[in-house]
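Engineer: What follows is the residue order along each chain.
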Amino acid sequence: MLAFRIAMTVKSERRSKIKVGLAQIDSRLADLEHNLGHHLEWIANARAEGVELLLFPELSLTGYRLLHLTPRVALNPSQSPIIAALREAAPEMAVVVGCVEEDELGALYNSALLLAGGEITHVHRKLYLPTYGIFQEGRFFSEGRRLGMAKLFGNPFGVLICEDFWHSDPAERLARQGAKLIGVISASPGRVGPGPMPPSQEAWESLTRASALLNTSWVVYCGRVGWEEGTFYTGGSHIVRPGGELLARAPYLEEQLLTAEIDLREVDRLRWRLPILADERSDIEGPE
Amino acid sequence: MIRKEDVAQRLLLHAPLAVAALADFLRDGVENAGASGLVLGLSGGVDSALAAALATRALGTERVHAYYLPYKSSDPRSAIDAAAVAANFGLALRTIDITPQIDAYFDAHEPDADRVRRGNKMARERMTVLYDQSRRHGALVLGTSNKSEILLGYTTVFGDNASALNPIGDLYKQQVWQLARHLGVPEQVASKRPSADLWPGQLSENELGFDYPTADEVLYLLFDQGLSGEEVIDRGYPAPVVEKIVRLERNNRYKRRLMLLARLSSSAINLDREMPRD
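Protein sequence lines correspond, in order, to chains X and F.
Here the first sequence is numbered in our numbering, starting from 9 and rising by one per residue.
Here the second sequence is numbered in our numbering, starting from 120 and rising by one per residue.
Calculated from the structure, these hints are not laboratory results.
A couple of the hints might just be wrong.
One-sided excerpt, in silico: chain F residues whose CB lies under 10 Å from chain X [as the list claims (entries may be wrong)]: (1) 122; (2) 126; (3) 128; (4) 130; (5) 137; (6) 143; (7) 151; (8) 154; (9) 356; (10) 358; (11) 359.
From a predicted model like this one, the values you see are computed outputs, not experimental measurements.
Virtual Cβ for every residue (Gly too), placed ideally from N, Cα, C.
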């Protein structure tokens with residue numbers, strides 16, 4: 009009954025202040041058991057800091073560059089003991105994890121699961137699968153076909169995965185449907201350029217800040233660190249206020265739990281001042 | 120459009136970030152393989168000096184095993200410089216002279232072999248010694264080939280281009296110089312003219328017919344930016360140099376993809392079954 013009561017609390021209580029944690033971790037490629045243990049440690053760390061929403065990076069349970077190992081680490085979330093262990097580990101917290109999801113028909117998706125109240129409350133299947141340059145996702149995954157809205161302590165909450173955010177449409181749709189917080193999880197291969205900020209992260213922060221401005225929403229970005237087959241992941245997870253100001257950033261290349269309290273009311277206050285979302289029009293014609 | 124005068128700037132790296140990432144690459148690679156450390160050959164040149172600097176940054180000095188592997192005709196300065204690099208980064212340096220095994224083969228079987236064949240044999244002999252030492256230590260062989268020479272094919276297949284982990288293979292020569300200076304590689308090594316030291320007086324730039332800063336810029340435009348040879352020449356680089364680099368890059372691609380397996384099944388290694396090595 010306790011679990012039930014907690015679940016009810018998580019789902020029904022609508023509140024605006026949320027302590028967010030971004031678990032900027034390294035994952036071991038294709039090693040679910042190891043990665044589960046790592047997730048449990050970081051959930052414990054986050055609990056100690058009072059985190060209420062904890063995000064892990066894209067494919068956090070499996071590692072990213074799986075190639076032909078992809079089917080070997082696929083799981084059915086509702087039946088997986090690994091997901092069950094995570095659900096049970098943090099019933100009071102909302103936790104986003106990344107995994108290879110297999111559906112009833114055997115299709116594989118690059119998915120984000122939102123776990124809350126001991127349940128899987130939302131599944132987002134990556135919509136845009138990069139298949140260019142070093143990316144090969146289109147060869148191993150099926151595309152998600154639906155953009156859904158998650159709930160976070162009663163609030164609409166958008167969850168996107170990496171490339172989904174390189175197209176402006178998904179975040180825009182989430183914001184128009186009421187999301188005040190958009191969480192992006194990523195496994196973004198890093199590059200080093202002349203400046204102290206990796207060029208790949210310059211691009212990310214341009215996107216997250218522009219989105220937080222144009223969608224007048226909170227945007228949180230959780231990236232990963234570590235090396236896989238000669239590619240490193242940058243880290244630099246960050247939190248952007250509605251309007252585009254950077255609130256906090258984790259360091260590059262190191263595991264870190266980045267936390268901050270965010271207030272969804274900031275979104276309302278900004279939208280009163282800057283009603284660009286409300287002014288959005290769908291009746292403009294042309295160009296032909 | 121990228122102008123000639125902008126290219127050098129584009130090759131600059133943020134040294135602290137690059138070094139942190141590359142040291143992390145070595146730590147991760149050694150740990151993933153369950154190895155005890157790293158083995159490398161110090162030639163007295165800047166590439167192996169940078170590799171040694173990164174290795175000690177990653178693992179400390181005890182887990183990095185450095186070797187100087189001279190042939191009787193090696194430049195005596197190479198020994199001095201290799202020792203200076205080892206001392207600078209706190210590494211014990213073991214010298215193993217490869218002259219007996221090289222001479223045994225050529226004297227007995229191939230007395231007329233030219234210097235290129237002899238040089239290639241030396242490069243491969245050094246690598247067999249390093250792989251034997253890696254087995255002895257349970258350590259991995261550290262690669263010391265840079266992006267410029269890999270793209271130009273200025274390496275010996277299964278010789279100096281062999282390795283388990285190569286932290287500098289995506290660094291053009293001038294990026295190697297930049298990071299080497301940042302990490303305090305002795306100036307006598309950082310500023311010396313590149314040489315494979317396979318025969319007396321050998322200088323890479325003489326042998327190649329162009330200097331590294333030019334080659335790096337041309338390679339960056341061709342390979343990184345995808346320009347054609349004509350487009351590179353249009354930007355003011357000398358046509359004979361660009362044409363030669365285009366030819367070298369194309370003709371040496373085989374050296375970068377070493378396992379060419381004839382596919383008969385639908386499950387050929389690497390072609391059909393791409394398994395990450397991590």
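Engineer: Compare the structure with each hint and give your call.
Structural biologist: So, going through the hints one by one against the coordinates:
{"no.": "1", "hint": "122", "verdict": "17 Å, violated"}
{"no.": "2", "hint": "126", "verdict": "13 Å, violated"}
{"no.": "3", "hint": "128", "verdict": "7 Å, holds"}
{"no.": "4", "hint": "130", "verdict": "9 Å, holds"}
{"no.": "5", "hint": "137", "verdict": "5 Å, holds"}
{"no.": "6", "hint": "143", "verdict": "6 Å, holds"}
{"no.": "7", "hint": "151", "verdict": "8 Å, holds"}
{"no.": "8", "hint": "154", "verdict": "15 Å, violated"}
{"no.": "9", "hint": "356", "verdict": "22 Å, violated"}
{"no.": "10", "hint": "358", "verdict": "29 Å, violated"}
{"no.": "11", "hint": "359", "verdict": "31 Å, violated"}
In the structure shown, a violation is registered for the earlier hints numbered 1, 2, 8, 9, 10, 11, in ascending order.
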